[in-house]
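Participant: With chain V's structure known, arrange chain D on it following the hints.
There are 2 protein chains.
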Amino acid sequence: MLVAVDCIIFGFDGKELKILLVQRHLEPELGKWSLMGGFVQPEENLKQAAARVLTLLTGLTNVYMEELLSFSEPNRDPVERTLSVAYFAFIDINKYEQQLSTEYHAEWFPLANFPKLIFDHNIMVQKAKARVQYKAAFHPILFELLPAKFTLPQLQSLYQGVYDVTMDKGNFSRKVLSTGLLVKQAEKDKASSKKGAYYYKLDKRKYNANFHAVLNIIPNPDTLYI
Amino acid sequence: MLVAVDCIIFGFDGKELKILLVQRHLEPELGKWSLMGGFVQPEENLKQAAARVLTLLTGLTNVYMEELLSFSEPNRDPVERTLSVAYFAFIDINKYEQQLSTEYHAEWFPLANFPKLIFDHNIMVQKAKARVQYKAAFHPILFELLPAKFTLPQLQSLYQGVYDVTMDKGNFSRKVLSTGLLVKQAEKDKASSKKGAYYYKLDKRKYNANFHAVLNIIPNPDTLYI
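In order, the protein sequence lines correspond to chains V and D. Our numbering numbers the first residue of the first sequence as 1 and each following residue consecutively. Our numbering numbers the first residue of the second sequence as 1 and each following residue consecutively.
These are calculated hints, taken from the structure and not from any lab test. For clarity, every value in this text was computed on a predicted model and none was experimentally measured. You may find that some hints are simply not true.
Since the list gives no way to pick one copy over another, a pair counts as held whenever it fits inside one copy or between any two copies.
To be verified - Cross-link-like lysine-lysine pairs, in silico, BS3-like; alpha carbons within 25 Å at most:
#	residue 1	residue 2
1	K206	K149
2	K169	K129
3	K206	K135
4	K127	K47
5	K32	K206
6	K184	K95
7	K15	K195
8	K169	K194
Bound conformation, chain V alone (with noise of 0.2 Å):
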């Protein structure tokens, strides 16, 4: 049996969820969007194999990986065979941009507006979203997705694209504030709107510390369940 690993990989540009799709350069679907991905190699293990992968397409080295699942209906791959271990990825997509790589054909998409992609590729997205979803909401992993320095209306955008909901700005801003997670900063962002809005930063020996902190923010966290 061949063995694959491919990639999830999520972005934030500060406004939306995106994950990064390439064009696939070879026969079968050839020109279909795709998940990046590849065959392991002799002297790798799988991790190792999603971190070259992910490397060759983005240029980053230690970004935050999580093994998904393993997807190995008989049939997904129509000429042979092929175990697939998905990965899921998370990129501040501001980094990632320095260091574009054209040779993939890779383009972000926005997580709720994305192409239809080849075999069980878009089971994948799902799932390693319903894994988000669920970590997310017991810790404060999407910050792995932010810059060092972020506002408010940009966390709550990240919270509402991995959701898929409409909060309250007040209500997110309150709570989020009180997990005493986050510093407020001296800068603004003025970018965004006239009147700005208050950097923050990560308190991260609270992060690491702070184990329930994040799970107040979620809406409907039973729902969850995975």
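Facilitator: Quick look at chain D alone, frame taken from chain V:
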């Protein structure tokens, strides 16, 4: 690459948390203790393969089972490169023992004290235990290991086995009853003590709705992040 599944099968006999191991019947490592596993067949996906392996060994179907992780170090199997995807399963040992199969030389061992296993199987058990600790901190999954009627001392033994801690009896009872998930029965179990211990049943409706109810039972949940 060969592709296999391995099953980490947890059971609880009312006193101790255990795992089900088999004595390996082929080379290499003939006669050594091992997780139950098998190669994936052409017509099945990996979850079906794991379910087949579990049924072969225990006779049980419809067992709680979940994909853990893939194990893919290039030299993990000395004969030929083999990727293994590990699944963990929860079994009520009493149900299992009605259908004991001797063909595989299977034996239950206490999770606190079991033999060294072949290949990377000890790491699989360790990772499975960490995943169970993590999930059980947020969800009442441990009830999958119990019979329909159980006592509070049994439930406490189970939690102690999963988290490697000794809990205060009064504290544990108070916390677990405050979840509102348990329904007290009229009967007592008189086998374990002179005074006897009331049986409880899980309220399945609340089990499905009451997402955070088990959170307070676990000591130091902040150490469980995986």
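Participant: So, for every hint listed, does it hold in this structure?
Facilitator: Evaluation of the provided hints:
1. When the C-alpha separation of K206 and K149 is checked against a cutoff of 25 Å, the pair qualifies only within one copy, where the shortest distance is 16 Å, while the shortest distance between copies is 41 Å.
2. Within a single copy, K169 and K129 get their C-alpha atoms as close as 23 Å, which meets the 25 Å cut-off; across copies the closest is 40 Å, which misses it.
3. Taking identical chains as interchangeable, the C-alpha atoms of K206 and K135 lie at most 25 Å apart whether they share a chain (18 Å) or sit on different chains (22 Å).
4. In this homomeric assembly, K127 and K47 come within 25 Å of each other (Cα to Cα) both inside a single copy, at 18 Å, and across copies, at 16 Å.
5. In this assembly of identical chains, K32 and K206 lie within 25 Å of each other by CA distance neither inside one copy nor across copies; the values are 44 Å within and 46 Å between.
6. In this assembly of identical chains, K184 and K95 lie within 25 Å of each other by CA distance solely inside one copy; the values are 23 Å within and 57 Å between copies.
7. Taking the shortest alpha-carbon separations for K15 and K195, only the intra-copy value of 18 Å comes in at or below 25 Å, while the best inter-copy value is 64 Å.
8. Taking the shortest Cα distances, K169 and K194 sit within 25 Å of each other inside one copy (17 Å), while across copies they are farther apart (60 Å).
Checked against the numbered hints given earlier, the structure breaks only hint 5 and satisfies all the rest.
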